[in-house]
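Visitor: Given the sequences, and given the hints that come with them, work out the whole structure.
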Amino acid sequence: MYQPMLFLHWKQIRAALLPLVVAAFALPLLSVQGLGSLGSFPAEPIGAYQFMMNSGWWAPVFPTLAAVIGVTLALSSWNWDHQLNHVYALSLPVPRWRYAALKMGAGVVLAFVPALAFWGGAHLAAASVALPPGLHAYPNALAVRFLFSVLVSYAVLFAMAAGTVRTTLVLVTALFVFMLVGGSANEFLGRHFEYFQRVNVVEAFFQTLVSRNGPFEVFSGSWLLIDV
Amino acid sequence: MCRLTPRCAALVLAAVLAAPGAAPAQQTEQELIQHLDTLVPLLKDARRRASAAQITARRARDVHIPLDTLSIGPLTVLVVPGEGAAAQDVVGGVWERDYAPWLDASPNLAEDRIFFQWSADVVEYSSSEFTVRVVQGARWHTRGYMETGVRQVISQSLREDLQRTPFGGDWAVSAVRPPDDPALIYRQAVLASSHSARACLDGDPAACLTAFGLKPLDALLADQYTPEERLLLVRRNGSLFARAPVELRACVGGDLAECDRLLADMLGRYQSAQNRLWTVPFGADVRASLLWYALVRGGEGAWGRLLAHADETALAALEAASGLTANTLMREWRGWLLESRPVRHAGLGTQVLKGSAWILLLIALAARSTRWRFA
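Chains as they are written, first to last, in the working numbering: chain G, 1 to 228; chain R, 1 to 375.
Each hint should be verified, as a subset may be incorrect.
Claimed, not checked - Covered stretches of chain G (chain R as the covering partner; in silico rule of three or more C-beta atoms under 8 Å from a C-beta of chain R): (1) 91-105; (2) 133-142; (3) 146-156.
What the hints assert, rightly or not - Some chain G residues judged to face chain R by a derived CB distance under 7 Å, without partners named: (4) Ala-159; (5) Gln-197; (6) Arg-198; (7) Pro-215; (8) Asp-227.
Since the hints were made in silico from the structure, they are not lab data. Here the structure is a predicted model, which is why all the values come from computation and not from measurement. We put the beta carbon where it would ideally sit given N, CA and C, even for glycine.
Guide: Spelled out as structure tokens, the structure:
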């Protein structure tokens, strides 16, 4: 039962996943471009400062790519079911929970493909540059963070998309509306309720998501391939 | 264009007096001096009136609101009635924890006032009688935010203590407060593009003195940077050499001798060390961490000792404040710095575990879809 699910998901996503796999492999390599190489002296002296500047510039790109991969995996996993009104799934002799778990498992396995590409790219990038004293490369830690960021964003969207397309749209729209008008609403409520004077709800909400114990905590750590 | 300002008027007057053909008859030097002497009282009077007008204008801007006054150590804290307890708690906490152990007396801190407000409706307050340092935050701001504000205003007053001393001028620091993020200081120290900084981190106290710019100025640049590092220094501060574009281009193109000429020319123009601070490998934040370490290590009376020796060299002042020799201070500070190194893997394991728990929870939610319960 699991193999057909995996194959089905792969068929659904391969066209979209391949460029993402290439990007996952290439981005770490791009992030060290122009920082000299082991075999040759760089055209100009490269200090630790430049390494960190470069590393810092690329740092936000990695979690963004992880989130994009996770979302793509999640939406593609339910896409077929939504298109056919879940007839195929309903015809299967499996309970709902098992079907969802199998689907999720297929997506998790597919998530390893870009994560492995990223890990390989990060190792190759780290090996291709001569690091200045005091700096170290962290390809393994970064790859683990990348994998779990893909999985978390995949799981969130997977759970949303498990309902209906409408449910997903409503939730995402509600989130955007909350982001846009939440601050003003908080200010207005603050005039009437003391609680809203003490708590900025929008800030607290997003803080909770990325801070300790939040679902997106793994996104909030260091994304530097090269660090002190 | 020259507008009608007092400076402009003085320039015109000077030009008229100095112009050889302007006077109808040749004036003797004595007559000119007498004429200038008559102008001096007028100038003094004009200055006095301008100063009085400034004070009146400042007083007109004063905000008069009912305030309570708290005394916390040498700090005078002004609060809106009803906020005394919060101010006592936050300001008192910062004072006891961060400053009381080594801060004995500070002329500026004793004169300045801290206006502390942590409430929903913040009001503006200013006074022409004393310097008001404002610490304000909305009620939803965290205690940590308010504490940072308190440290900042205390630091401002302490920096003013140093401002007119050679220590404050020649070896300026960014702040006199505990580093907000010691890992950031470590990062900055590691990223200093100087072999002396690296030797310092490797454990050479003499190199630390060089990297901190605490050695005599002669030939310091050559000790601090290799020729290649000097090229980087010029490139990173290219805007300072805008007046010599051809030489700058040659330097950036790899002509190391040209870089040295540029730097020598630039630094030769300045006598004071203050204008050379941008060349010191360890920047203002790293220097601030050393000053902080010296004060904390020095304990009781450290600030007083620092001020008492602030007219000497920066190194002498630091030694006096910390009560340590230069080498011991450098060694201990380095130990503190190495302890501040950020641990890259810290927390990743627990983050992964917690992430896995969230993933399982989300799978459980996905498995209980409404659509399927109706099916």
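Visitor: Next step is simple, just say for each hint if it's right about the structure.
Guide: Each hint tested on the structure:
Proximity of the region 91-105 of chain G to chain R, defined as three or more residues with a beta carbon under 8 Å from a beta carbon of that chain, is established by the 5 residues found. Evaluation of the coverage hint for the region 133-142 of chain G: fulfilled, as 6 residues show C-beta separations to chain R shorter than 8 Å, against a requirement of three. Taking a C-beta to C-beta cut-off of 8 Å, the region 146-156 of chain G contributes 5 residues in contact with chain R, enough for the three needed, and the coverage statement holds. Among the interface hints, the one on Ala-159 of chain G holds; its C-beta lies about 4 Å from the nearest C-beta in chain R, closer than the 7 Å criterion.
With a cut of 7 Å, the hint placing Gln-197 of chain G at the interface with chain R holds, because the nearest CB-to-CB distance is about 4 Å. A least Cβ separation of about 5 Å between Arg-198 of chain G and chain R falls short of the 7 Å threshold, and the interface hint therefore holds. Given the 7 Å rule on beta carbons, the hint for Pro-215 of chain G holds: about 4 Å separates it from the nearest Cβ of chain R. A distance limit of 7 Å between C-beta atoms decides the matter here; for Asp-227 of chain G the minimum to chain R is near 6 Å, and the interface restraint holds.
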